[in-house]
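Q: Chains as they are written, first to last, in my numbering: chain A, 1 to 260; chain B, 261 to 544; chain C, 545 to 868.
Note that these hints are calculated values from the structure, not bench results.
From a predicted model like this one, the values you see are computed outputs, not experimental measurements.
Warning: the hint list may mix true and false statements.
[What the hints assert, rightly or not] Capping the alpha-carbon separation at 25 Å, the derived lysine-lysine pairs in DSS-like fashion look like this:
| no. | chain 1 | residue 1 | chain 2 | residue 2 |
| --- | --- | --- | --- | --- |
| 1 | A | Lys254 | C | Lys631 |
| 2 | A | Lys254 | B | Lys370 |
| 3 | C | Lys631 | C | Lys650 |
| 4 | C | Lys650 | C | Lys668 |
| 5 | C | Lys631 | C | Lys647 |
| 6 | C | Lys713 | C | Lys650 |
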Amino acid sequence: MARYGLRTLAVVYLLFLLVLPVILIIWRTFAGGLAPFAEALTSPSALHAFQVTVVVAGWAVVANTVFGIGVSLLLTRHSFPGKRLLNAFIDLPMAVSPVVVGLALILVYGRFAPVGGLLESWGFQVIFSTPGMVIATVFVSMPLVVRALVPVLEELGDEQEQAAHTLGASRLQSFLRITLPGIRWALGYGVVLCLARSLGEYGAVAVVSGRLVDQTQTLTLFVEERFQNFDQPAAFAAATALALVAVLTLLLTKLLRPKD
Amino acid sequence: MTTDTARRPLSPPRTPGGEGRPRPRFSTGTATGLGVAVLYLSLIVLIPLAVVVWRSLDQGPGFFWRAVTTPDAWAALTLTVVASAIVALINLVMGTIIAWVLVRDRFPGKAVVDTIIDLPFALPTIVAGLVLLALYGPESPLGVNLAYTRAGVVLALLFVTLPFVIRTVQPVLLELDADVEQAAASLGASPFQIFRRIILPNLVPAMLSGTALAFTRAIAEFGSTVLISGNLPFKTQVAAVNLFSQIESDNTTGAAAISTVLLAVALAALLLLDLLQRWGNRRG
Amino acid sequence: MAIEVRDVTKSFGTTPVLRDVSVDVESGSLTALLGPSGGGKSTLLRVIAGLERPDIGTVHISGVDATRLSPQRRDVGFVFQHYAAFKHLTVFRNVAFGLEIRKRPKDEIRERVMELLELVHLEKLADRYPSQLSGGQRQRMALARALAVEPKVLLLDEPFGALDAQVRKELRTWLRRLHDEVHVTTVFVTHDQEEAIEVADTIVVLADGEVKQVGSPAEVYDHPVDPFVMRFLGPVTEIGGDLVRPHDIEISASPLDGGTPATIARVVRLGFEVRVEVEVDGQDGREAWVQVTRELADRLGLAPGDTVTLRPTPGARRLALSAV
Ligand SMILES: Nc1ncnc2c1ncn2[C@@H]1O[C@H](COP(=O)(O)OP(=O)(O)OP(=O)(O)O)[C@@H](O)[C@H]1O
Ligand SMILES: [Mg+2]
Numbered sequence: 001m002a003r004y005g006l007r008t009l010a011v012v013y014l015l016f017l018l019v020l021p022v023i024l025i026i027w028r029t030f031a032g033g034l035a036p037f038a039e040a041l042t043s044p045s046a047l048h049a050f051q052v053t054v055v056v057a058g059w060a061v062v063a064n065t066v067f068g069i070g071v072s073l074l075l076t077r078h079s080f081p082g083k084r085l086l087n088a089f090i091d092l093p094m095a096v097s098p099v100v101v102g103l104a105l106i107l108v109y110g111r112f113a114p115v116g117g118l119l120e121s122w123g124f125q126v127i128f129s130t131p132g133m134v135i136a137t138v139f140v141s142m143p144l145v146v147r148a149l150v151p152v153l154e155e156l157g158d159e160q161e162q163a164a165h166t167l168g169a170s171r172l173q174s175f176l177r178i179t180l181p182g183i184r185w186a187l188g189y190g191v192v193l194c195l196a197r198s199l200g201e202y203g204a205v206a207v208v209s210g211r212l213v214d215q216t217q218t219l220t221l222f223v224e225e226r227f228q229n230f231d232q233p234a235a236f237a238a239a240t241a242l243a244l245v246a247v248l249t250l251l252l253t254k255l256l257r258p259k260d
Numbered sequence: 261m262t263t264d265t266a267r268r269p270l271s272p273p274r275t276p277g278g279e280g281r282p283r284p285r286f287s288t289g290t291a292t293g294l295g296v297a298v299l300y301l302s303l304i305v306l307i308p309l310a311v312v313v314w315r316s317l318d319q320g321p322g323f324f325w326r327a328v329t330t331p332d333a334w335a336a337l338t339l340t341v342v343a344s345a346i347v348a349l350i351n352l353v354m355g356t357i358i359a360w361v362l363v364r365d366r367f368p369g370k371a372v373v374d375t376i377i378d379l380p381f382a383l384p385t386i387v388a389g390l391v392l393l394a395l396y397g398p399e400s401p402l403g404v405n406l407a408y409t410r411a412g413v414v415l416a417l418l419f420v421t422l423p424f425v426i427r428t429v430q431p432v433l434l435e436l437d438a439d440v441e442q443a444a445a446s447l448g449a450s451p452f453q454i455f456r457r458i459i460l461p462n463l464v465p466a467m468l469s470g471t472a473l474a475f476t477r478a479i480a481e482f483g484s485t486v487l488i489s490g491n492l493p494f495k496t497q498v499a500a501v502n503l504f505s506q507i508e509s510d511n512t513t514g515a516a517a518i519s520t521v522l523l524a525v526a527l528a529a530l531l532l533l534d535l536l537q538r539w540g541n542r543r544g
Numbered sequence: 545m546a547i548e549v550r551d552v553t554k555s556f557g558t559t560p561v562l563r564d565v566s567v568d569v570e571s572g573s574l575t576a577l578l579g580p581s582g583g584g585k586s587t588l589l590r591v592i593a594g595l596e597r598p599d600i601g602t603v604h605i606s607g608v609d610a611t612r613l614s615p616q617r618r619d620v621g622f623v624f625q626h627y628a629a630f631k632h633l634t635v636f637r638n639v640a641f642g643l644e645i646r647k648r649p650k651d652e653i654r655e656r657v658m659e660l661l662e663l664v665h666l667e668k669l670a671d672r673y674p675s676q677l678s679g680g681q682r683q684r685m686a687l688a689r690a691l692a693v694e695p696k697v698l699l700l701d702e703p704f705g706a707l708d709a710q711v712r713k714e715l716r717t718w719l720r721r722l723h724d725e726v727h728v729t730t731v732f733v734t735h736d737q738e739e740a741i742e743v744a745d746t747i748v749v750l751a752d753g754e755v756k757q758v759g760s761p762a763e764v765y766d767h768p769v770d771p772f773v774m775r776f777l778g779p780v781t782e783i784g785g786d787l788v789r790p791h792d793i794e795i796s797a798s799p800l801d802g803g804t805p806a807t808i809a810r811v812v813r814l815g816f817e818v819r820v821e822v823e824v825d826g827q828d829g830r831e832a833w834v835q836v837t838r839e840l841a842d843r844l845g846l847a848p849g850d851t852v853t854l855r856p857t858p859g860a861r862r863l864a865l866s867a868v
């Protein structure tokens with residue numbers, strides 16, 4: 001009896017908090033058929049937002065993948081003083097509010113900040129432009145690849161790499177031929193998580209982008225701006241598109257997740 | 261082959277750490293990698309955060325205190341802390357129940373339920389807010405309108421923090437040995453006694469760390485609350501939203517002060533989490 | 545000399561693991577590094593391979609100072625205790641790895657790998673993955689992989705440690721034969737004295753990070769330099785203040801010149817051997833034992849309670865305990 005009670009409670013809670021809201025918005029988006037959905041997403045603003053999103057998320061994923069692989073190798077294959085501290089710093093972005101991230105970047109890279117001013121005098125604008133949005137996105141999604149790789153690298157051990165070295169492989173060769181194939185699933189998992197987080201980032205990007213329509217507007221910013229301007233169909237369509245991407249990542253991570 | 265017993269007396273006496281090649285503490289490869297990583301981390305994370313803290317304090321503690329205690333900032337901070345605490349508590353209970361159901365119960369569609377638990381992690385926060393507004397907004401098909409209310413804020417925070425407790429409790433529950441429970445049952449314990457005396461003590465560390473994670477996330481949350489809270493100062497404005505409007509109005513010092521408070525709360529929660537995890541490891 | 549290790553000292557943190565170790569390995573020999581667990585055997589082997597750097601001291605391989613060479617450039621074959629099989633590569637690709645790194649032509653690789661797989665009797669399993677092999681097969685694959693690059697020396701860390709007793713015995717004889725065939729200078733680590741004696745032509749006894757003794761199996765067995773080595777290499781017992789091998793003791797019902805009187809406590813028959821456990825007078829209850837043939841035990845009619853005399857045989861190696 002208690003079992004059915006708990007089950008009902010859990011299912012009802014999830015239904016009303018999670019499932020019904022998502023289904024409702026998808027239903028509302030497609031209530032008028034596919035045409036309005038397609039139309040809302042192919043407006044020039046929407047297409048531009050889509051393009052900005054892909055560029056920003058793409059760079060952020062590349063940066064975090066390279067950094068993620070490097071740092072996880074550092075954490076699992078090297079010993080150095082201060083390892084615990086580095087480990088803690090990697091997780092720091094998880095605890096920081098996206099808006100604080102935005103403010104922090106403005107205070108360093110903004111036009112009126114020393115570093116930002118200097119960069120701007122060289123013709124390199126960070127804040128209110130793509131580099132700032134990339135940095136903000138990199139910040140918020142920093143730990144994901146590292147956290148996906150570290151346990152797998154630990155589990156893998158370094159014996160295979162040492163064996164490769166004794167067989168004449170250089171560090172790079174042993175990384176490419178031995179380590180990388182060993183971590184490919186975990187890497188895929190981390191990259192997908194990182195991509196999802198990057199595509200969906202809102203707060204930090206909202207601050208550093210200046211929310212300039214048709215210039216620095218990403219899809220998430222587009223959703224908010226359309227909604228505030230009472231253009232519900234466009235907001236819902238973009239939200240649904242993002243939700244579908246989220247569901248897709250969910251399924252992908254399910255496939256890639258290291259099984260034990 | 262010989263062991264050079266004959267040579268050994270001739271070799272000079274060695275003082276520990278004396279002669280021989282001096283060994284670096286770590287190799288040049290490690291040093292280079294570490295240097296690049298620290299530089300990258302500094303440029304993107306550490307220096308910007310340090311500047312925020314510095315900016316909040318550089319006009320003295322009095323200024324900091326006044327910035328944090330302006331009526332609207334103070335209201336936003338207290339709302340955030342109170343709402344996050346409520347959300348953490350609900351998560352503690354509901355998260356544990358859901359984890360329990362996912363591990364111990366069996367029903368058709370369980371795998372699907374298990375998969376969608378992670379949806380809040382994958383869904384952009386602004387979309388989460390919009391989605392909730394669709395069901396619990398002015399056009400609610402259920403006739404429940406939580407838009408621009410504190411209940412709406414709590415709802416949004418519940419949505420984005422849903423997975424934390426579930427995903428920390430679930431693995432622990434999976435690893436609990438059924439024989440321990442069977443042993444307890446064979447000793448005459450009732451199901452409730454088994455839960456209370458055998459299962460719960462094992463789960464507590466995971467439940468608390470999940471709750472701490474959820475609390476940290478709730479404190480920092482921005483995107484999901486933007487639309488549903490309506491951003492009403494003194495009523496539904498959470499700290500991150502208040503911070504956002506201060507940045508928009510170029511009040512950077514005030515914004516830095518609120519940021520510092522948010523950072524401090526998050527760090528305190530993380531420290532607590534670390535302690536909880538060590539406690540859990542010791543018991544496990 | 546194929547390998548010359550000179551005055552090597554190595555510590556992990558503050559714990560010294562190798563202390564002033566010097567070892568020479570002759571070309572073409574099959575050498576065992578024998579010692580108790582934690583004695584530093586693996587560390588010494590890894591220092592030779594370049595997987596660890598010594599704090600002090602040098603390593604020469606084939607006359608070349610290799611101390612600062614990376615493992616990549618040392619031309620050593622290393623077989624890990626747990627094989628370190630490349631899990632994502634087939635048996636063939638595992639063995640071919642070193643040759644592919646050296647960018648040998650495809651045909652040559654194919655030929656050489658198949659030749660090696662035949663040598664280790666794995667030619668039929670070339671397309672399998674390591675997870676589809678038994679422990680012994682994985683071990684042989686690892687060996688073939690190490691041999692593929694024609695290393696100057698072959699280093700094996702507890703090559704049979706993870707295998708069950710039966711397979712172990714088979715592979716031991718096989719390794720001996722393989723070495724006779726391939727003739728590559730080989731050093732293998734073991735903590736099993738029987739394995740060392742059976743397979744190696746030279747034994748290096750390593751304990752507490754120090755070389756205790758070096759010699760042929762017969763030398764270290766029959767002429768151990770100290771009680772530790774004597775105990776480690778075979779059974780010992782104590783009579784009259786000396787350590788003696790239990791099969792080097794004469795037992796007699798009548799008094800013997802220079803013998804030690806004792807009382808039989810138990811007679812245990814282990815097939816062909818008989819283990820006679822005795823209380824030696826004046827040894828405060830510390831038991832000794834003597835190993836005799838069944839024939840002798842029967843002839844003497846040994847039974848518990850009998851009084852006998854014990855005396856080391858004339859050629860027996862004895863070590864005075866008091867001297868140490
Ligand atoms: N990487 C390391 N870091 C710290 N200590 C180590 C490391 N490798 C080995 N040691 C220590 O050095 C000592 C010798 O280790 P080693 O592996 O050489 O022993 P061994 O003779 O091979 O023992 P076994 O037969 O158990 O394999 C041990 O006390 C071990 O704990
Ligand atoms: Mg070892």
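Q: Each hint: holds or not?
A: Cross-check of the supplied hints:
no., hint, verdict
1, A:Lys254 <-> C:Lys631, "23 Å, holds"
2, A:Lys254 <-> B:Lys370, "15 Å, holds"
3, C:Lys631 <-> C:Lys650, "22 Å, holds"
4, C:Lys650 <-> C:Lys668, "20 Å, holds"
5, C:Lys631 <-> C:Lys647, "22 Å, holds"
6, C:Lys713 <-> C:Lys650, "36 Å, violated"
Against the hints set out earlier in the document, a violation occurs for number 6 only.
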